[in-house]
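Heads up: the protein sequence lines correspond to chains A and B, in order. If you read the first sequence in this note's numbering, its first letter stands for residue 1, the second for the next number, and so on. If you read the second sequence in this note's numbering, its first letter stands for residue 1, the second for the next number, and so on.
These aren't lab readings, by the way, just hints derived from the structure by calculation. Some clues are possibly wrong.
Pair by pair, the computed Cβ-Cβ distance ranges are [as the list claims (entries may be wrong)]:
#	chain 1	residue 1	chain 2	residue 2	range
1	A	F87	B	W277	33 to 41 Å
2	A	F28	B	W277	54 to 62 Å
3	A	L23	B	G423	32 to 40 Å
4	B	V300	A	T90	47 to 55 Å
5	A	L23	B	S367	52 to 60 Å
6	A	G12	B	K108	27 to 35 Å
7	A	I83	B	R27	50 to 58 Å
Note that the structure is a prediction, hence the values are computed from the model and not measured. Just so it is clear, CB atoms sit at the ideal spot from N, CA and C, and this is done for glycine as well.
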Amino acid sequence: MSYEFLVASAIGVLVAGGIFLALRARTFQVVLGLTLISYAVNLFLFASGRLVIGRPPIWDAVKGGAISEYTDPLPQALVLTAIVITFGMTAFVVILALRSFIETGSDHVDGDNVPCDAQDGVTEKDAQP
Amino acid sequence: MTFADHLPILPVVIPALAAPLALLVMRRRRELGIVISLLSCLAMLACAIALMVRVSGGEILAYAVGEWPAPFGIVLVADRLAAMMLVLASVLALVALLHTVVTGADRKGWHFHALFQFQLMGLNGAFLTGDLFNLFVFFEVLLIASYGLMLHGQGPERLKAGVQYVVVNLVGSSVFLIALGMLYALTGTLNMADMGLRVAAVAPEDQGLLRIAALLLVSVFALKAAVAPLHLWLPRTYAVSTPAVAALFAIMTKVGVYSLIRVVPQVFGEGAGAAAWVPAPWLLPAAIASAIVGFAGVFVARSLSEQAAFAVIGSTGTLLLAVAGWSADSLGAGLYYLVHSTLAAAALFLVADVVARRRGADGDLASPSPVFAARSGIALMFMAAAIAATGLPPLSGFIGKLLILKSVAALPDWGWAWGVILGTTFIGVVGFARVGSAVFWKTAEGEMPAAPASRADLAAPLIALALLGVLSVGAGWASAYAHAAAEQVLDPAQSAAAVLTEPAS
Chain A
1 MSYEFLVASA IGVLVAGGIF LALRARTFQV VLGLTLISYA VNLFLFASGR LVIGRPPIWD
61 AVKGGAISEY TDPLPQALVL TAIVITFGMT AFVVILALRS FIETGSDHVD GDNVPCDAQD
121 GVTEKDAQP
Chain B
1 MTFADHLPIL PVVIPALAAP LALLVMRRRR ELGIVISLLS CLAMLACAIA LMVRVSGGEI
61 LAYAVGEWPA PFGIVLVADR LAAMMLVLAS VLALVALLHT VVTGADRKGW HFHALFQFQL
121 MGLNGAFLTG DLFNLFVFFE VLLIASYGLM LHGQGPERLK AGVQYVVVNL VGSSVFLIAL
181 GMLYALTGTL NMADMGLRVA AVAPEDQGLL RIAALLLVSV FALKAAVAPL HLWLPRTYAV
241 STPAVAALFA IMTKVGVYSL IRVVPQVFGE GAGAAAWVPA PWLLPAAIAS AIVGFAGVFV
301 ARSLSEQAAF AVIGSTGTLL LAVAGWSADS LGAGLYYLVH STLAAAALFL VADVVARRRG
361 ADGDLASPSP VFAARSGIAL MFMAAAIAAT GLPPLSGFIG KLLILKSVAA LPDWGWAWGV
421 ILGTTFIGVV GFARVGSAVF WKTAEGEMPA APASRADLAA PLIALALLGV LSVGAGWASA
481 YAHAAAEQVL DPAQSAAAVL TEPAS
């Protein structure tokens, strides 16, 4: 299995899982989904400068070698910025979801007070003793 | 290098300095925070006007940050369109800030002025940047500030809408990054002018990827501009925000439209091979749908602020009808309408707040209430704002819509555009008349709610309406400027030449 195939399928699996979770009805799952998507996006950005192994991001004139003997440093700078931004945003959305749950008493993304569905572990009957 | 050469970066630097300053002094002295915020907005306006004067002759100013030459370093580009948007943003910021201070809305939470300045920094940066990744960064800056401003004043309604708003925009940001990654992998550059030259050289087997990247990028801009079917987050978010904040948000959807106007002709224009004008076939149907959805929403809205929010969607649709022609005439008409519709939407939000402040428990609901203070005066203001938002004479909306109608008549499919613009205008007029008569004409039994202590809160909406009047009187000059800006945008070779030359040091 090639390196490219591994990276591509990892991104694909992360995006698929992320989209599934982001479409769920409860904020915690949505937040997890967004986190997965942002991991996938960071990996993808990283790969957008081509995958190369064992080359420095800065071409070293002293050691010599062909000028093509280095990895593209720009995607690494982009990923760094993107990580900082998505990390901050994830922290914000967690706090916001928590605050919204505490203030409205519901963690549904619409803010509605719907009873939990069975697959979340609590049946409608349990919720209303 | 003289001070005047640094003019293009000042609109970003001023709020970036004012925001932490306001944050520092607000803890002890609120007045000082207001003064800093106000001075910063005035300085931005002065810079924006100075820039507009500089570039109105057709010169394009490229500012290389740190003097790194263009395709490698970060570059700011100020042309006619960018200068126009900067002036609009700072004028709108002044009006919104005035209303916030007068109504005391900035006291309902912490750090309002700092967030407000950061929001302006993001807006100004997005208008000025000539680099796609920095467009993303400035989008994030303005979005993060807007999350804070949107939640300003708290309340469960705002938190509910806030969660949706933040989640939708986070997904949008992810898609933006994916599109950027694809474009970078294909062209090896993120500078817009450089990318515009390099897309033609993309290998034939990668053309499909290029088209996907272009469509992803455009759909992110459409999401920010709240174009149907990506508009669903907007009405609730804007309707529950603090009204002065919603008035400032009126320009946020226009940032999406601005990015479309900026990126599509430059990167995916004539010379882009298979990806040339790739979003064009989608834009017209989307514009028609959002104009219809927006004005249908105006027709059925349950409160004045919700109605204003739907008017924002409808005006974006009308604006995109003009943009979708991608000709200098229609784009110029669209740019004139862009300025008008931003101010008109802000006026609607402010009038809604003025009504809500006087009606007590009834708020700005579109239902009869007991007679409230200064009802007839506010009714006139609402009528003027509604006339502006729908585009009836004598205000600038009429001139804008007339220019759009005239310019799209030269394009294929003009029948659809005409039908939709005229039909939605009619629906909008009926919708505003329905709500206006319910709020200002009918009277419910009950005691007159207490009037607010001062009438100073009428100032900001009046100023917004007066600006619309100025835009109507100066329509000749304004539309000529907008037309010149559109011609400049549609000639990417011009800005590529200005950006990619070595900076004179």
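Here is how each hint holds up against the structure:
1. Between F87(A) and W277(B) the Cβ separation comes to about 37 Å, which falls inside the hinted range of 33 to 41 Å.
2. Between F28(A) and W277(B) the CB atoms are about 43 Å apart, so this pair departs from the stated range of 54 to 62 Å.
3. Checking the proposed 32 to 40 Å range against L23(A) and G423(B) shows it holds: the Cβ atoms sit about 35 Å from each other.
4. At about 37 Å, the beta-carbon gap between V300(B) and T90(A) misses the expected band of 47 to 55 Å.
5. A beta carbon spacing of about 36 Å between L23(A) and S367(B) contradicts the range 52 to 60 Å that was offered as a hint.
6. In this structure the supplied range 27 to 35 Å is violated for G12(A) paired with K108(B), their Cβ-Cβ distance being about 46 Å.
7. Taking the beta carbon of each, I83(A) and R27(B) are about 32 Å apart, not inside 50 to 58 Å as hinted.
Hint compliance for this structure: hints 2, 4, 5, 6 and 7 are broken, all remaining hints hold.
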